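Based on these hints, arrange chain B on the given structure of chain A.
In the order they appear, the protein sequences are chains A and B.
Each residue of the first sequence is one higher than the one before, starting from 0 at the first, in numbering that gives the first Met the number 0.
Each residue of the second sequence is one higher than the one before, starting from 0 at the first, in numbering that gives the first Met the number 0.
Hints listed in this document are in silico derivations from the structure and should not be mistaken for laboratory results.
These numbers were taken from a predicted model, which means no experiment stands behind them.
From the three backbone atoms N, C-alpha and C, an ideal C-beta is built for every residue, glycine too.
Hints may be right or wrong, so weigh each one.
To be verified - Pairwise CB distance ranges (calculated):
| id | chain 1 | residue 1 | chain 2 | residue 2 | range |
| --- | --- | --- | --- | --- | --- |
| 1 | B | T337 | A | G47 | 29 to 35 Å |
| 2 | B | L318 | A | H33 | 21 to 27 Å |
| 3 | B | D212 | A | D19 | 51 to 57 Å |
| 4 | B | K262 | A | E124 | 53 to 59 Å |
| 5 | B | L155 | A | E115 | 49 to 55 Å |
| 6 | B | G319 | A | D49 | 49 to 55 Å |
| 7 | B | T337 | A | V65 | 35 to 41 Å |
| 8 | A | D49 | B | A271 | 51 to 57 Å |
| 9 | A | A86 | B | D159 | 43 to 49 Å |
| 10 | B | R205 | A | E115 | 51 to 57 Å |
| 11 | A | L84 | B | L318 | 18 to 24 Å |
| 12 | A | D85 | B | D330 | 35 to 41 Å |
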Amino acid sequence: MNHPAELSYTKSHEWVRELDDESVLVGITDFAQHELGDLVFVNLPEVGDDVVAGEPFADVESVKAVSDVYSPVTGRVAEINEALLDAPQLINEAPYEAWFIRVEDVADTEDYLSAEDYVAFTQEEA
Amino acid sequence: MDRKTPLYDIHLKYGGKIVSFGGYLLPVQYGSGVIAEHMAVRTKCGLFDVSHMGEILCEGPEALTEVNRLLTNDFTDLTIGAARYSPMCNERGGTVDDLLVYRTGETRYLLVVNASNREKDFAWMQAHREKADFTDISDTVAQLALQGPLAEKILLRLADQNDIPEKYYTFKAGRNVGGVKCLVSRTGYTGEDGFELYCAAGEAARLWELLLDAGRGDGLIPCGLGARDTLRLEAAMPLYGHELSEEISPREAGLGIFVKMKKPSDFIGKAALEIAGAPARRRAGLKVTGRGIVREHMPVFAGEAQVGVTTSGTHCPYLGYPAAMAILNKDAYAVGKTVEVEVRGRRVEAEIVPLPFYKRA
Numbered sequence: 000m001n002h003p004a005e006l007s008y009t010k011s012h013e014w015v016r017e018l019d020d021e022s023v024l025v026g027i028t029d030f031a032q033h034e035l036g037d038l039v040f041v042n043l044p045e046v047g048d049d050v051v052a053g054e055p056f057a058d059v060e061s062v063k064a065v066s067d068v069y070s071p072v073t074g075r076v077a078e079i080n081e082a083l084l085d086a087p088q089l090i091n092e093a094p095y096e097a098w099f100i101r102v103e104d105v106a107d108t109e110d111y112l113s114a115e116d117y118v119a120f121t122q123e124e125a
Numbered sequence: 000m001d002r003k004t005p006l007y008d009i010h011l012k013y014g015g016k017i018v019s020f021g022g023y024l025l026p027v028q029y030g031s032g033v034i035a036e037h038m039a040v041r042t043k044c045g046l047f048d049v050s051h052m053g054e055i056l057c058e059g060p061e062a063l064t065e066v067n068r069l070l071t072n073d074f075t076d077l078t079i080g081a082a083r084y085s086p087m088c089n090e091r092g093g094t095v096d097d098l099l100v101y102r103t104g105e106t107r108y109l110l111v112v113n114a115s116n117r118e119k120d121f122a123w124m125q126a127h128r129e130k131a132d133f134t135d136i137s138d139t140v141a142q143l144a145l146q147g148p149l150a151e152k153i154l155l156r157l158a159d160q161n162d163i164p165e166k167y168y169t170f171k172a173g174r175n176v177g178g179v180k181c182l183v184s185r186t187g188y189t190g191e192d193g194f195e196l197y198c199a200a201g202e203a204a205r206l207w208e209l210l211l212d213a214g215r216g217d218g219l220i221p222c223g224l225g226a227r228d229t230l231r232l233e234a235a236m237p238l239y240g241h242e243l244s245e246e247i248s249p250r251e252a253g254l255g256i257f258v259k260m261k262k263p264s265d266f267i268g269k270a271a272l273e274i275a276g277a278p279a280r281r282r283a284g285l286k287v288t289g290r291g292i293v294r295e296h297m298p299v300f301a302g303e304a305q306v307g308v309t310t311s312g313t314h315c316p317y318l319g320y321p322a323a324m325a326i327l328n329k330d331a332y333a334v335g336k337t338v339e340v341e342v343r344g345r346r347v348e349a350e351i352v353p354l355p356f357y358k359r360a
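Isolated chain B, as found in the complex:
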């Protein structure tokens, strides 16, 4: 049985086309369509319901030790008010999930996990915890993402300048946004400037309407999961279940900089990653030059030899061409090289290009 987010009725009100995603009923798009929603985020601003994301608290005097042991990144120098991205590995070096970690207090961290992995992650943390306490607070928390070059201008109509975090990957907790108490985080999954606002589930609908009213004159529109996916693909952000999985290590996925092999403490998966050494395959960007749309799980060929498989792919609305991410044998990887992707029995040419496809100016 799929869950509804606190904004389900709002999505119906705004004409959202509802689909099931990660165990939640969410809009894939609204009336304006994926392309218009995508372009709104690149050029103006878009508003997303991302309440399906899971929130887990890690608390206790040993909380830092615990996150450092469970996650591959190093949190030793993460200050209160800052956020950091990290993979979480299994003992084989595969990826349990990728998450965002907020340090909200001296001995308190907020971990934001993927909706589809929420139960799995919480069970994993409970099974591997030593001293800190983990609490799944997902059902009490809503999350709205305000994304785009005009996001700050719009948010300023509802919040004081000093309640808005200045730097990317920082946040301010317990702030007033139009009378709704929020954790205001300068983060996102679109490749644009923007904010993720966490509030009590019961306040989500009010916050949504306040934000839309504040931004409508600037072109702010509601955006669905379709645009969320095309935006993150252009920005080459990994999506769990695609670029990352229990069988794909973060190093293979090109996320080696978030795996701190030299941090002082041991972490789950480190031994396996050490033994594996430099990965034999790597993430690659493919710009489709032939005719067709490349999707996930399509074989990639160099001549007659299969050299990998795509992990995500779509038409990129802002760039105006189709693109895909793939995991390729390292010796087949060279920027500028032409490969072929088998799209439903037909070979379509693509060029290996550096990631990300899109980077904001």
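One chain only, chain A, in its complex shape:
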């Protein structure tokens, strides 16, 4: 399983990529998509919505079940990845390209894990 070193991770299996303009991209990890199985539906917030660190901001549905996706940061949604709405399988195919939202005005964050610590964490969970 693949977990890029330049990203930050949460214990609820999201990844965060910090961009040059200080906004962040948020998605779910390779481990998460693998556990969820084939994704068939994604519900995203709207641009301008507030997100809160540790609170759900989206949900993803596999053939079998629905799961919440938690925001790693507090801030405002600047952009959503509309491609996922029509093609949720992109999350299975390339989880680190399939970002869900871009968040700006980041005021707070969860305690992140490094890629190495995240891998160790998933091995404990498995």
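Coordinates of chain B only, in the frame set by chain A:
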């Protein structure tokens, strides 16, 4: 404590993701995933372990009388070598279980019941038996399902043509499949052509490997419970605990054709079903037209009025849209009508459509 089927080690070997279902540890999917497994069954072939299903023998000179009294369908003209589906009702007309009945001899029937109901059904049969003997043989029997348009072609590599039943809902017992003695049944729970193979528990792993080897070149892959559920939903086959329950009668579930009110013998539940008359609610198919996946136990609305509840729902991989089955008030039912399903606090539009969603060509 969950039970393992005789194929548990095989599931681990093939990368099955193990979950608990009906008291058994079974794979929900293998590495290829639910969608690929579903599509394999619709277009090529899939192999399932369904050994969790329970098998109960009903034997004795009065066996026919007994199955006719316990079950709602009429077995009077069921010949040896044929199978028939039937609900089993309680005295209130609710459903104890739904099962498949094989006539394996003049005075001998094999009843195949749902895993989660195995103990309940056997206790029910023991409590209501009059003359025939019932024996739970589930632990000695394994069942593999080979399902899909290429199933017969694959099975022919291991069995002679005359060991393969020709017609749907017929079977041949004591046949040789690659050296394993099987009851070969042309039945299934996927909406495709295919076979259910019953063999001794100790032979199951060998039969599994023989079948996979025989079919691999044609695209045969192992399939888990996830695909079993999406396939049966597309084909609108009822699942006990969803479309049927102790509180839902088979007539409400749209299974009236398997309830023979006019058969000569009385059966358990008949009086209650007679008094209830034509049911006030019915099973409906919902094609989701809004954005969202509808699951079971979600309220269905026509305007502001709740008119029913969903019983099963998922994304249908072959059809490419989400669909659900629901039990609706009869006066709210009209094909083509738009209703709304409340999905976690949000209303999602759906259209009432005829069942099944999918029927093979």
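Item checked: 35 to 41 Å as the expected CB spacing between D330/B and D85/A, which holds or is violated -> At 37 Å between Cβs, range holds.
Next item on the list: Check the following: the C-beta atoms of T337/B and V65/A are separated by a distance inside 35 to 41 Å.
Entry: violated (23 Å)
Next item on the list: Please test the hint of 49 to 55 Å on the beta carbon pair from G319/B and D49/A.
Entry: Since G319/B and D49/A have Cβ atoms about 34 Å apart, the given range 49 to 55 Å is violated.
Note to self: If I claimed the Cβ atoms of L318/B and H33/A lie 21 to 27 Å apart, would that claim hold in this structure?
What the structure shows: holds (26 Å)
Check: Can the suggested window of 29 to 35 Å be confirmed for the beta-carbon pair T337/B and G47/A?
Finding: Holds, at about 30 Å.
Next item on the list: Evaluate the given range 53 to 59 Å for the C-beta pair formed by K262/B and E124/A.
Entry: holds (55 Å)
Next item on the list: May I ask you to test the hint 51 to 57 Å on the CB atoms belonging to D49/A and A271/B?
Entry: Holds, since D49/A and A271/B (Cβ atoms, about 55 Å apart) stay within the stated range.
Notebook entry, point to check: Could one say that the CB atoms of R205/B and E115/A fall in the range 51 to 57 Å?
Noted result: With a Cβ separation near 44 Å, R205/B and E115/A fall outside 51 to 57 Å, so the hint is violated.
Next item on the list: Confirm or reject the claim that A86/A and D159/B have a C-beta distance inside 43 to 49 Å.
Entry: holds (47 Å)
Notebook entry, point to check: For the pair D212/B and D19/A, does the Cβ-Cβ distance stay inside 51 to 57 Å?
Noted result: holds (55 Å)
Margin query: Range first: 18 to 24 Å. Now tell me if the beta carbons of L84/A and L318/B are that far apart.
Written below: holds (19 Å)
Margin query: I want to verify a distance hint. Is the separation of the beta carbons of L155/B and E115/A within 49 to 55 Å?
Written below: holds (53 Å)
Consistency note: the structure conflicts with the earlier hints numbered 6, 7, 10.
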